[in-house]
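Order-wise, the sequence lines are chains A and B. Our numbering puts the first sequence at residues 1 to 479. Our numbering puts the second sequence at residues 1 to 407.
If you are wondering where the hints come from, they were derived from the structure by calculation, not from laboratory data. Hints should not be assumed to be uniformly reliable.
Label pairs and their computed distance ranges (CB to CB) [claimed, not checked]:
(1) A:Glu314 with B:Ala82: 22 to 30 Å
(2) A:Thr447 with B:Glu60: 24 to 32 Å
(3) A:Ala153 with B:Pro319: 33 to 41 Å
(4) B:Ser183 with A:Lys477: 46 to 54 Å
(5) A:Asp8 with B:Ala18: 20 to 28 Å
(6) B:Glu76 with A:Ser257: 19 to 27 Å
(7) A:Thr447 with B:Gly55: 23 to 31 Å
(8) B:His317 with A:Lys477: 54 to 62 Å
(9) A:Arg26 with B:Arg285: 54 to 62 Å
(10) B:Ser293 with A:Ala153: 54 to 62 Å
(11) A:Pro472 with B:Pro337: 56 to 64 Å
(12) B:Pro337 with A:Lys111: 40 to 48 Å
(13) B:His318 with A:Thr447: 43 to 51 Å
Calculated cross-link-like contacts (lysine-lysine; reagent style DSSO-like; alpha-carbon spacing at most 27 Å) [claimed, not checked]:
(14) B:Lys309 with B:Lys288
(15) A:Lys280 with A:Lys269
(16) A:Lys308 with A:Lys335
(17) A:Lys171 with A:Lys407
(18) A:Lys308 with B:Lys258
(19) A:Lys308 with A:Lys171
(20) A:Lys269 with A:Lys335
(21) A:Lys308 with A:Lys269
(22) B:Lys135 with A:Lys417
(23) B:Lys315 with B:Lys305
(24) B:Lys305 with A:Lys171
(25) A:Lys269 with A:Lys417
(26) B:Lys305 with A:Lys111
(27) B:Lys309 with B:Lys264
(28) A:Lys171 with B:Lys258
A few chain A residues that face chain B, going by a derived Cβ cut-off under 7 Å, partial list only [said to hold, decoys possible]:
(29) Tyr117
(30) Asn163
(31) Glu190
(32) His198
(33) Asp200
(34) Ala249
(35) Ile255
(36) Asn400
(37) Cys425
(38) Glu429
(39) Pro472
Yeah, the Cβ is synthetic: ideal placement off N, Cα and C, and Gly gets one too.
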Amino acid sequence: MSFLVLPDPDSGVLARRGKIVSQLRRLVSNKSSIIDDEDGRRAFETDALTAYRRMPLAVVLPETTEEVSSVLKFCQREGLPVVPRGAGTSLCGGALPLEDSIVVGVSRMNKVLDVNYENRTACVQTGITNLGISSAVSGAGFFYAPDPSSQLACTLAGNLAMNSGGAHCLKYGVTTNNVLGIKMVLMDGEIIEIGGGHLDMPGYDLLGLIIGSEGQFGITTEATVRILRSAEAARPMLLGFNSNEAAGACVAAIIGSGIIPVALEFMDKPAIHVCEDFAKAGYPLDVEALLIVEVEGSEDEIDDLLGKITQIAERHDPLVVRISQSEEQSAAIWKGRKSAFGAMGRISDYYCMDGTIPTSRLPEVLKEISRICEQYKLRVANIFHAGDGNLHPLILYDANNSEEVEKAERAGAEILKLCVDVGGCLTGEHGVGIEKRDLMTVQFSHTDIEQQIRVKRAFDPDWLLNPGKVFPLDYQKTR
Amino acid sequence: MAEILTPGDENDLANIIAEAVTAGAPLEIRGGGTKAAVGRPIQTAGVVSTSAMSGITLYEPRELVLSARAGTPLVEVETALAENNQELAFEPLYLEMVLGEPAAPSTIGAVFASNLSGSRRIYSGAARDHFIGVKAVNGLGELFKSGGRVMKNVTGYDLCRGLSGSWGTLAVMTDVTMKVLPSAESSQTIVLTGLIDDIAIDAMCAALTTPYEVSAAAHLQQSFVARLSDPELSALGAPLTALRVENFSSSVAYRIGKLGEALKAFGDISVLDEDWSQIFWSDMRQLKVLQGSSDPLWRISVPPKSGAKVVESIKAHHPTCQAVYDWSGGLIWLVMPPISDAGASEVRRAVAASGGHATLIRADAATRTAVDVFQPLEDGVTALSGRIKAAFDPHGILNPGRMYAGV
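Whole structure, please, built from the sequences with the hints as guidance.
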C-alpha cells in the first residue's frame with residue numbers, strides 16, 4: 001500500500017545494528033530471547049494489517065519484567081524506537097515494526113500467577129492469550145469476559161494496549177472495564193504497579209489512561225483481571241428480516257424494552273452468505289439482514305427471555321425466527337459469526353473497518369456505505385455489533401492490484417468520515433494504529449490532539465514507544 | 001469566603017481560567033459544592049462552580065446514552081432516566097448528608113470527577129465505566145473533548161477515564177456523556193442476621209461466586225442496623241447481611257430461591273420484597289447509617305476477602321471504630337473516634353498489608369491538613385501523577401493540592 005508514510009529510519013542506528021544486537025544479548029539470560037537473523041525477524045515484520053511490512057532491527061522476547069526493564073532502559077539510552085508486541089493480531093497496524101526499531105514481544109511471559117475465586121480475580125502475565133485466561137478458570141465455572149474474535153491467538157498485553165472488546169461486551173464491557181491492576185515498565189525502565197486486587201485505584205485513573213494507549217505509554221507485563229462466574233446457560237436465536245431498516249428497528253425495540261442481551265449481532269446479506277458457505281451455521285440465505293441475539297440464565301429463564309424477544313421481533317415482520325435447539329446449533333451459530341473475517345479471507349482480500357455509529361442511524365449508514373463502495377466498484381459486507389453501534393464493513397479488493405488497494409483505502413476513509421459525521425467515531429475496538437492515524441483530525445480538533453500528545457509525553461517524552469502511529473506524523477515531530 | 005464565579009458556558013469558563021493563568025491565581029473548582037469538604041483544604045483567590053452550565057442536552061433511551069452539561073443536578077438526570085425506566089447503573093452515592101447539609105444539589109459532573117460508586121459497583125462497574133464522552137477546559141484555558149456519544153470507542157487516548165476521580169485537579173468538565181441502562185423490572189434482597197464480620201464476608205463472597213448475578217452485597221455491624229429506615233430491620237438488634245438480586249420478576253423469584261439454598265449453611269434467611277429492598281439500598285446510597293455524626297469517616301477499598309481482617313487489625317488499636325461493608329467486603333466505610341490523626345497511621349498500615357487504598361472522606365479541616373486524605377502513592381506513581389497534572393494544568397491553577405501536594 002502506498003497511502004501511509006512511516007517515519008524514516010535513522011541510518012546511524014541501522015549502521016550499528018550489530019553492536020546493538022550484541023548489547024541486547026547481554027541484557028537477557030536466555031540467548032534465544034534475541035532474534036536477529038533475517039528469517040527469524042521476518043515473522044515479526046507485520047501484523048494482521050498485512051499490507052504494511054517493515055523488518056525490525058531486532059526482536060527481543062524477554063522472560064521477566066526485569067528483562068523488559070533492562071531492554072527499555074537500554075533503548076531509551078540509545079534513542080532506539082521500541083515496538084511492543086503481543087501476538088501481532090492487530091488489524092490496524094498497531095504492532096507494525098519500524099526498520100530502526102526493536103520489537104519487544106511479551107509472548108514468553110504467559111503464565112497464570114494466581115487465581116482467587118472468592119475475590120473473583122486472576123493475576124496473569126500479559127503474554128497469555130485472551131482465551132488462555134478463561135481456560136485457566138473455566139474448570140471452576142468462571143470466565144474472563146472480553147472476547148475479541150481473535151481470542152484464540154491475541155494476548156492480554158495486546159488487549160490492554162487496544163482496549164479490546166468483543167461480541168459479548170454489550171453486557172460485560174470491554175477490557176478497561178475488566179482489569180483491576182497492572183505491572184508496567186515505562187520507557188526509562190522504571191517498573192510501576194497500578195491498582196491490584198481491589199476495586200478502583202487511588203489517585204488518578206492511570207489504569208484508564210494506559211488501557212487503550214496502543215503501546216505508547218509502556219509495556220505491561222502482569223495484570224490482575226476480574227473473572228466472573230459463568231451463567232447457568234446461554235442460547236442464541238436468529239432473526240431474519242427483509243430489510244436493514246426492519247432489523248435496526250428490532251434492535252432498538254429490544255433494548256427499549258429493557259432487555260440487554262449478552263450479545264446482539266447484525267449481518268447483512270453478503271456477510272450472511274459468506275459466513276454460511278464457510279461455517280454451515282444454518283443461517284437463512286433469503287433474508288436481507290440477520291440478527292444473532294443471545295441471552296443467558298437458567299433454561300427456563302432463557303425460554304422466557306427468548307419468548308419476550310420473539311414477541312418484540314414479531315412486530316417487525318421477521319422472515320425467520322429460529323431459536324437454537326441444541327449446543328451444536330448454538331456453537332454453529334457462533335462459529336459462523338466468529339469466523340466471519342476468516343471466511344471472507346477465503347474469497348477475497350478485505351479491508352476491515354471498525355467505526356461506531358449511533359445505532360439509530362444504522363439504515364442510512366448502511367445505504368451510504370453501499371453507495372460509497374459502488375462508486376469505487378468494490379464489494380462490501382457488513383458485520384455489526386448492533387447493541388453498541390460498532391460497525392465492521394469488510395471491503396473486498398484484490399491486494400495484487402495496486403489501483404484496487406488504493407480504492408479500498410479511499411472507500412474506507414470515506415466510510416469512517418461518515419461514521420464521525422453521524423455522531424460516531426473512527427474505531428470502536430480495533431484501535432487507530434497506523435491505519436487511521438491520518439484520520440484523527442476528522443474526529444479531533446488540534447487542541448484535542450495536543451492534549452492527548454501532552455499525556456503521551458508524560459509517559460514517554462522522547463516518543464520512542466510505538467512511534468509513527470495513532471497521531472498524524474506532524475504531531476510527532478519530537479522524534 | 002472567595003467569590004464564586006458561575007460561567008454560563010465553556011467560553012466564559014475558558015476565559016476565567018486563562019485570566020487565572022495570567023494572574024497566577026489558582027482556582028477552586030466545584031459543581032454544587034456538596035463534596036467541597038473532601039480532600040486537602042486549599043485556599044484560592046477564586047472559586048468556579050459549574051452550576052450555571054446545566055441541562056440535559058441529549059437523551060436517547062434506545063441507544064442507552066445521555067449527555068448533560070456538567071452542572072446539571074444529579075437528581076435531574078436520575079429523574080429523566082426514571083421516566084424511561086432507566087438509571088445510572090453504578091448507583092452514584094449521595095454523600096451530602098454524610099458531609100453536612102448541602103447548600104446546592106450535587107452535579108452530574110462531580111459524579112464522574114469523584115468516581116464514587118454505590119453498591120451495584122460490583123455488578124455494573126464504577127462511574128468511570130459508564131463515562132463515555134467529555135468536553136472540558138484544561139488548566140491552560142483550552143477547550144478539549146474526548147470520547148463521544150457512542151459506547152464503544154477506542155479512538156485516541158481515553159481521557160474520560162483520565163479525568164475520572166481527578167477531583168477537578170486536571171480540567172473542568174463542561175459536558176459529560178454517559179452510558180445508561182434499563183432499570184431491572186424487579187428486585188428482592190436476601191437478609192442474613194447475626195453473622196460476625198468475617199463469616200458475613202464468606203457468605204457474600206460465596207453468593208457472588210454463584211451464577212445468580214447478585215447486584216449488591218453489604219454487611220452492617222449491629223450498631224448501624226438500628227439506624228435503618230425499615231422499622232423491622234432496625235429492631236433486629238443484630239448484625240445484618242444483605243444480598244440483592246435484580247432482574248425480570250420471574251427470574252428474581254427463581255434466583256432468590258436458588259441463592260437461599262446456596263446460603264442456608266450461614267443461618268436463617270429472610271427476604272425483603274420489592275419495596276423494602278428498594279428502601280434498604282436507598283439507605284445504602286445515601287449512607288444513611290453514617291449520617292448525623294462528625295466523627296472521621298474512611299472509605300477503604302481492599303480485596304473483598306481481606307475486609308474483615310483489615311477492620312480487625314485497625315480495631316486492635318482503635319477498639320471503638322465501627323464498619324459498614326459493601327461490595328461483598330471490598331469496600332469498608334470505617335467510622336473512627338475523633339482522635340488527632342483520625343487513625344490514619346493504623347488505617348494505612350492495615351490497608352498496606354492487604355493491598356488497597358483508603359480515603360479520609362469526612363474529617364475537620366485541621367485533620368485533613370495534617371494527614372494524607374487520599375492514599376499515598378508509590379514514588380514512581382507519584383512522579384507520573386505529577387507529570388499527568390502538568391500535561392493538563394501546567395501552571396497548577398485547578399484545585400492545586402486538593403488530592404496531593406504538588407498535584
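Here is what the structure says about each hint:
Here the CB-CB span from Glu314 of chain A to Ala82 of chain B is close to 29 Å, well matched to the stated 22 to 30 Å. Taken as a hint, the range 24 to 32 Å holds for the pair Thr447 of chain A and Glu60 of chain B, whose Cβ atoms sit roughly 27 Å apart. With their beta carbons about 56 Å apart, Ala153 of chain A and Pro319 of chain B fall outside the hinted range of 33 to 41 Å. Between Ser183 of chain B and Lys477 of chain A the CB atoms are about 50 Å apart, so this pair conforms to the stated range of 46 to 54 Å.
Look at Asp8 of chain A against Ala18 of chain B: about 38 Å separates their beta carbons, and that is not inside 20 to 28 Å. Between Glu76 of chain B and Ser257 of chain A the C-beta distance comes to about 25 Å, which sits within the given range of 19 to 27 Å. Range check, Thr447 of chain A to Gly55 of chain B: Cβ separation about 24 Å, and the 23 to 31 Å hint holds. A hinted range of 54 to 62 Å for the beta carbons of His317 of chain B and Lys477 of chain A is consistent with their spacing of about 56 Å.
One distance hint, 54 to 62 Å for the beta-carbon pair Arg26 of chain A and Arg285 of chain B, holds here, with the actual separation near 58 Å. The hinted range of 54 to 62 Å is satisfied by Ser293 of chain B and Ala153 of chain A, whose Cβ atoms lie roughly 55 Å apart. Roughly 59 Å separates the CB atoms of Pro472 of chain A and Pro337 of chain B, a value that falls within the hinted 56 to 64 Å. Against the hinted window of 40 to 48 Å, the Cβ-Cβ separation of Pro337 of chain B and Lys111 of chain A comes to about 46 Å, which satisfies the hint.
A hinted range of 43 to 51 Å for the beta carbons of His318 of chain B and Thr447 of chain A is consistent with their spacing of about 49 Å. With a C-alpha separation of about 25 Å, the suggested pairing of Lys309 of chain B with Lys288 of chain B holds against the 27 Å cut-off. A C-alpha spacing of about 15 Å is found between Lys280 of chain A and Lys269 of chain A, which places the hinted pair at or below 27 Å, so the restraint holds. A distance of roughly 25 Å separates the Cα atoms of Lys308 of chain A and Lys335 of chain A; the hinted pair therefore holds under the 27 Å criterion.
Our distance criterion of 27 Å between C-alpha atoms is broken by Lys171 of chain A and Lys407 of chain A, whose separation comes to about 37 Å. The hinted pair formed by Lys308 of chain A and Lys258 of chain B meets the criterion: a straight-line CA distance of about 23 Å does not exceed 27 Å. Pair hint Lys308 of chain A plus Lys171 of chain A holds up; C-alpha atoms about 18 Å apart against a cutoff of 27 Å. About 17 Å separates the Cα atoms of Lys269 of chain A and Lys335 of chain A, which keeps this hinted pair within 27 Å; it holds.
Distance hint between Lys308 of chain A and Lys269 of chain A is fulfilled; the C-alpha atoms sit about 26 Å from each other, no more than 27 Å. Restraint check for Lys135 of chain B and Lys417 of chain A: the C-alpha separation of about 21 Å stays at or below 27 Å, so the hint holds. Distance check on the hinted pair: Lys315 of chain B and Lys305 of chain B sit about 17 Å apart at the alpha-carbon level, within 27 Å; holds. Among the hinted pairs, Lys305 of chain B with Lys171 of chain A is consistent with the structure: their alpha-carbon atoms are about 26 Å apart, no more than 27 Å.
Between the alpha carbons of Lys269 of chain A and Lys417 of chain A the distance comes to roughly 24 Å, so the proposed pair stays at or under 27 Å and holds. The suggested pairing of Lys305 of chain B with Lys111 of chain A holds, with an alpha-carbon distance near 24 Å, which does not exceed 27 Å. With a C-alpha separation of about 24 Å, the suggested pairing of Lys309 of chain B with Lys264 of chain B holds against the 27 Å cut-off. Proposed proximity of Lys171 of chain A and Lys258 of chain B is supported: the alpha carbons are some 22 Å apart, at most 27 Å.
The interface hint given for Tyr117 of chain A is met, as the beta carbon of that residue sits about 6 Å from the closest beta carbon of chain B, less than 7 Å. A distance limit of 7 Å between C-beta atoms decides the matter here; for Asn163 of chain A the minimum to chain B is near 5 Å, and the interface restraint holds. Evaluation of the Glu190 of chain A hint against chain B yields a held restraint, the C-beta minimum of about 5 Å falling below 7 Å. A hinted interface residue such as His198 of chain A counts as satisfied when its beta carbon comes closer than 7 Å to some beta carbon of chain B; here the least separation is about 4 Å, so the hint holds.
Here the hint on Asp200 of chain A is kept, as its CB sits about 6 Å from the closest CB of chain B, short of 7 Å. Because the beta carbon of Ala249 of chain A sits about 10 Å from the nearest beta carbon in chain B, more than 7 Å, this interface hint is broken. The beta carbon of Ile255 of chain A is positioned within 7 Å of a beta carbon in chain B (closest approach about 6 Å), and the interface hint is therefore held. About 31 Å separates the beta-carbon of Asn400 of chain A from the nearest beta-carbon of chain B, more than 7 Å, and the hint is not met.
Taking 7 Å as the C-beta cut-off, the interface hint given for Cys425 of chain A holds, the closest approach to chain B being about 4 Å. For Glu429 of chain A, the suggested interface contact is upheld, since its CB lies about 6 Å from the closest CB of chain B, less than 7 Å. At a threshold of 7 Å, the smallest CB-CB gap from Pro472 of chain A to chain B is about 12 Å, leaving the interface hint violated.
In this structure, the earlier hints numbered 3, 5, 17, 34, 36, 39 are contradicted, and the remaining ones agree with it.
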